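Take the sequences, apply the hints, and build the full model.
Spelled out, the chains give:
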Amino acid sequence: MPTQDIYFMSVRALGEAIREQRISPVELTEGYLERCRTLGKRLNAFVTLTPELALRQARDAEAEIKAGHYRGSLHGVPYAVKDLVTVKGYPTTWGAVPYERQSFDYNATVIERLNEAGAILLGKAAMIELAGGLGYSSGTASLTGPARNPWNPECWTCGSSSGSGAVVAAALAPWALGSDTRGSILCPSSWCGISGLRPSFGRVSRYGSMAIAYSMDKLGPMARTADDCAIVLSVLAGHDPLDHDSISNSALEFIYQDTEPNQGIPLKIGRLTNVYDKVDPDADKAVDEACRVFEKAGATVESCEFPDGPFEEAAELTILMEAASAFSQLIQSGKCKDLTDPVGKLNGYASEQFTATDYLHVQRVRPMLQRTADAMFDRYSVLISPSQPTAAQPLLAKDPDDPASSKESKKLHLDRRAPDGVSSLCGLPAISVPCGFSKKRLPYGMQIMGRALNDAVVLKAARLYQTHTEWHLQRPSL
Amino acid sequence: MDDNLSSNRPLSVSRRLFGKKVLTTTAATLLAATGVAETIAPPVSEQHLDLKPEGLSPADLDEVHAKYLNLLRVYGKRLSAEDKQRLIRILTTNQQMLVSIRSFEVQNGDPSACTLRLQT
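Chains A and B supply the protein sequences, listed in that same order.
With this note's numbering as the guide, the letters of the first sequence map in order to residues 1 to 478.
With this note's numbering as the guide, the letters of the second sequence map in order to residues 479 to 598.
Because the hints were derived from the structure by calculation, they are not lab data.
Bear in mind that the values here come from a model prediction, so they are computed numbers and not experimental data.
Among the hints, erroneous ones may be present.
Stated by the list, open to error - Chain B residues, not near chain A, derived (Cβ > 10 Å throughout):
hint, residue
1, S535
2, P536
3, A537
4, D540
5, A559
6, D561
As the list claims (entries may be wrong) - Below 30 Å or equal to it, Euclidean Cα-Cα: the simulated BS3-like pairs (lysine-lysine) are:
hint, chain 1, residue 1, chain 2, residue 2
7, A, K398, A, K278
8, A, K439, A, K41
9, A, K398, A, K335
10, A, K337, B, K555
11, A, K88, A, K440
12, A, K88, A, K296
13, A, K398, B, K555
14, A, K278, B, K555
15, A, K398, A, K440
Built from N, CA and C at the ideal position, the CB exists for glycine as well.
So, in structure tokens, the structure goes:
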């Protein structure tokens, strides 16, 4: 059985070792599966393990590589997938009681692409029910209970890719696929101390994945390093005629240049200073420290403010309105009462009351907000900020701004320019990378966002940062 | 640029009370007039709703109220008194977001982000 160090290796390092036949995909898979069964259970990280499939894929990979047929960087490398992605022959529960016996007779496009790349599926990661599509008020809103944070099991991982965050942080797989409608890759990556990329809207096909908000849903990798995210994106990216919003092949293609990240034109970085009303001062300091790292690495860094605008309102309203349509059968049948979260049980009824005029108004404001956000990238290559205003919160903490859980109606509080909301609404690529720890040794994340379709510059900046820091190499005590 | 939500300017007490009164009175009137009350068990008491929405005009509160009544018309039998209170709060929050986004004016020629894309 391989030593524990192997499980914390990057995708790149594992891929090279497998290619050179220094690591056996079968032994590696057996070892990861054992961790998934034991540590994974403690952390509520999985809904379903797929050991038969994994071992079959591992044996096939091993035989092919021995025969000299190497498929590429993910060949023989295990991974996990959020349980809203369809895998033929296995349940796809969407993390929700009403769908716990649901299965589909086909693979999602991303699964097909990973199969072609020779990757090995270990299991389907836990998630917030319906990925929060009908709202939720705490991390307990899941078919499998709250996902526990490997850095402190009494803290939550954040959601909705909660299991994917726990899987990577605890080295139950070297990478996991997450989904992000409004921050569901970025927040768990931040709180779990891993690197998570939310690609540009349309970059990765969603065919075969649960829809929440058709105009905002994206899939993306969560891994140990930005380099690993880029390797995985290279496999997943590309036009898919089965996804209505898949960007065409004539759009700016994603081609990963894994050269030294400080080569080429130096990065011009904007450090956003006005995106949260309240932020943990130590999280802010961690990003300030990162600015100095960037400067030493040859980038220029300048403080800047994001323009005001109803970014968060537009994001929230779009999700509420589109989710009411996506889950209309669940709402109208009354089966939403079987959801775990008190907000999720009711929110759909309220969302059905929005009018078509309001929906279109939001969608007509949205291009203006997109232009406002885009103009920032006339001045900067990327914008950075804390990914979240705090480190991980206690497992059962309630959302203080959840309207349904408070005793009375109160003034609405929204961080209108929250960077994960802005980038989600506008379809911009963004990554969260670890950038420090709180006094309680919980990770802080830094979000790096770039212009639409320029996923490469976001990855370049993140790789530059990780070349000069070691936060991404830290491990939780498990 | 809209600043309804980011502003700390408090609404006057009389305006809030007026809004609440409008909501209470209209709810009672409409429930009785439309016969909706018969389909709702148990009836919701406005006193239990403890509705204190900030940043909403009387017209906004009317709109919240109309949506609430419609919601009860369709789903009232499924909902407990506690559910109804939660839904009032959710509808109020949704309205606050709508107020913010509606204040952002659009012109006739401003396109929608959701358009039909033709495949080639």
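Here is what the structure says about each hint:
The beta carbon of S535 (chain B) is kept farther than 10 Å from every beta carbon of chain A, the shortest such distance being approximately 14 Å. No Cβ of chain A approaches the Cβ of P536 (chain B) within 10 Å, the least distance being about 15 Å, so the stated non-interface status holds. Residue placement check: A537 (chain B) keeps its beta carbon more than 10 Å from all beta carbons of chain A (closest about 15 Å). Its beta-carbon lying about 13 Å from the closest one in chain A, D540 (chain B) satisfies the requirement of being farther than 10 Å from that chain.
Look at A559 (chain B): its CB is around 13 Å from the nearest CB on chain A, clear of 10 Å, so calling it non-interface holds up. The Cβ of D561 (chain B) sits about 6 Å from the closest Cβ of chain A, inside the 10 Å cut-off, so the non-interface label is violated. Distance restraint check for K398 (chain A) and K278 (chain A): the Cα-Cα separation of roughly 17 Å lies within the 30 Å cut-off, and the hinted pair is therefore satisfied. With a C-alpha separation of about 28 Å, the suggested pair K439 (chain A) and K41 (chain A) falls inside the 30 Å cut-off, and the hint holds.
Taking the CA atoms of K398 (chain A) and K335 (chain A), the gap is about 24 Å. The hint holds against a cut of 30 Å. Between K337 (chain A) and K555 (chain B) the CA atoms are separated by roughly 13 Å; this keeps the pair inside 30 Å, and the hint holds. Taken as a hint, the K88 (chain A) and K440 (chain A) pair is broken in the structure, with Cα atoms around 42 Å apart against an allowance of 30 Å. For the given pair, K88 (chain A) sits about 49 Å from K296 (chain A) by alpha-carbon distance, which is inconsistent with the 30 Å threshold.
Simply put, K398 (chain A) and K555 (chain B) have alpha-carbon atoms about 28 Å apart, close enough for the 30 Å limit, and the pair holds. At most 30 Å may separate the alpha-carbon atoms for a hinted pair to count; K278 (chain A) and K555 (chain B) exceed this at roughly 41 Å. Taking the CA atoms of K398 (chain A) and K440 (chain A), the gap is near 20 Å; set against the 30 Å cutoff, the hint holds.
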